[in-house]
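Asker: Here the protein sequences line up with chains A and B, keeping their order.
Residue numbers are given in this note's numbering: position 19 of the first sequence equals residue 19, and the series is strictly consecutive.
Residue numbers are given in this note's numbering: position 19 of the second sequence equals residue 19, and the series is strictly consecutive.
Where hints are given, some of them may not hold.
Simulated restraints, written as ranges between beta carbons of each label pair [as the list claims (entries may be wrong)]: (1) B:Phe274 to A:Ala78: 20 to 28 Å; (2) A:Trp11 to B:Val190: 20 to 28 Å; (3) A:Met237 to B:Pro37: 32 to 40 Å; (4) B:Phe274 to A:Ile113: 15 to 23 Å; (5) B:Pro197 to A:Ala78: 22 to 30 Å; (6) B:Leu198 to A:Thr117: 42 to 50 Å.
Think of the hints as simulated: they come from the structure by calculation, not from any bench.
C-beta: ideal position from N, C-alpha, C; glycine also.
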Amino acid sequence: MTDLAHGGWRWRRVAARIGLYTGVVLVICPFMFIFLWMVLSSLKTNVQQTAWPPLFVFRPTLSNYALVFARVPFVSYAVNSVVVSVSATLLGLLVGLPAAYSIARWKQSRLAIAILTARMVPWISFLLPWYLLFTQARLIDTYWALILTHLIITIPMTIWLMIAFFEDLPRELEDAAFIDGCSRLGMFVRVCLPLAAPGIVASAILCLIYSWNNFIFALILAGRKTMTLPVSVYSFMSFNEVNWGGVTAAATLIVLPVLILTFAIQRYLIKGLALGGVKG
Amino acid sequence: MFPAPAVLALAGIMVFPSLFNIYMSLHEWFATGNTQPKYIGLRNFGDLLLRDAHFVDALWRTLYFTVFAVVVELILGLAIALLLNRELAGHRVIRTLFMLPMMATPTAMALIWVLMYNPNLGVLNYLLELVGVPPQEWLANLYLVIPALAAVDIWQYTPFVTLILLAGLATIPAEPLESARIDGATPWQVLWHIILPLLRPTLVVASLFRIIDTLKTFDTIYVMTAGGPGRASQTINLFAFQTAFEYFHVGYAAAISLALIVLVFAVSGVLIRFRRQAE
């Protein structure tokens, strides 16, 4: 009798567990479905694309990807995106890391608040003046215009993310370096930066992603020569007849590196979100 | 000395253009032809607040979009956080999958949504038909366009709310929950009287982040509807953009962008005060 009751209790636990995991899967599915639909659509021919009801099972084709590379100067747009996001990220680190260190070490909370405030300002209010100034200086459609405006994304982000990492560094190590005759700058470069390396990599990747994703600056400040990928995929839409195979294939190619990088830094992202949320 | 480069850089790329933006807003200024900018004092702001019905409409639309999206994100995000807040095998993979919508390039994903919303070949109408909902013209319908755009924001950022709330839930001590359960409290009572009050600071932070960003939404709306049909989805941000880059009325656009800044700061100010009271 007790055995039976015990067995029943165990079964109920297993059933609850199965119910829980079913619930988790059901919750995740809608969020993943958009990605699934993107990839599926990119593998369809034009006829399959317009089929009703929409096809979930079909013979896949890679012709859309071939078309994206053949018809659109996709590679040169990708090069533009890489040049802009990598330059903006490196410059952002160069300028942002010492600032983050100084805020963390000397508790310059006013500077931290200023940077948080800067993140609240909509980008349109930076874009308007920069558009007029770059037009005057004939810098529209140059890398300079894009990199400079993308620093608006990368510098505050680097500083904001790195403050927490520098705060966690043990102070004793710095004092020891000081006693050994290191200068402030030498100590920062030789002791602090290597110790904060994981955080620096995570911040750099996050800056890369946000710069890569940016649309509004390149939409106005880029032209034929410097167009970046998010703008190029949008320009697919301006034709009367939308080629959905091409659009979805291009979208997949643009989003894929972002998804891979997200997986690479997931541990730091989760921690960063937790810190941002709890400390506020 | 250490923050000097950053301070200089930010002064150059953000503070200086902000001041220039204010200067622009005080002028009748067209970015085309050879008309000179003309100083008109605060007239742009007067026009905006008193005479421009488009601005007032855009303001209400922005608030409607923001409230719609953020309220759903908070409720859904909390529900999912409560579901995930236990020992789960593969919890790291689950959390990473959840992060993908907010990291993926918004313009690219917005185009996928346009395809899914398509009334003729879109998968959304098909799936809804299966459960008995008649087909809709989502982005072409004056009344559905804002909820349809908000759905994209909800898809992107509900996981953000969930992840922040999970971090908040992790800091709630186990004892009060245990003792409440032993005293025979129902799960609803535990949620309402113990979890939610303890989670309030985290909830306020999550809403603060979401409200600030949702008020400023640009990419998704611009790509999916460009403010249409008509002006049915023209938020303040789009109004400023289109005034500047379709009508080249940059002085007026600068005034609109300043109004957006004031709106974002005012709303955040109220929320931050609310948070202080909660503590």
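Asker: A separate judgement is required for each hint: does it hold in the structure or not?
Answerer: Evaluated hints:
Taken as a hint, the range 20 to 28 Å is violated for the pair Phe274 (chain B) and Ala78 (chain A), whose Cβ atoms sit roughly 45 Å apart. Roughly 26 Å separates the CB atoms of Trp11 (chain A) and Val190 (chain B), a value that falls within the hinted 20 to 28 Å. Met237 (chain A) and Pro37 (chain B) have their C-beta atoms about 34 Å apart, which keeps the hinted 32 to 40 Å range intact. Checked against the hint of 15 to 23 Å, the C-beta distance between Phe274 (chain B) and Ile113 (chain A) comes to roughly 18 Å, which is consistent with it.
Pro197 (chain B) and Ala78 (chain A) have their C-beta atoms about 50 Å apart, which leaves the hinted 22 to 30 Å range violated. Checked against the hint of 42 to 50 Å, the pair Leu198 (chain B) and Thr117 (chain A) fails, with Cβ atoms roughly 29 Å apart.
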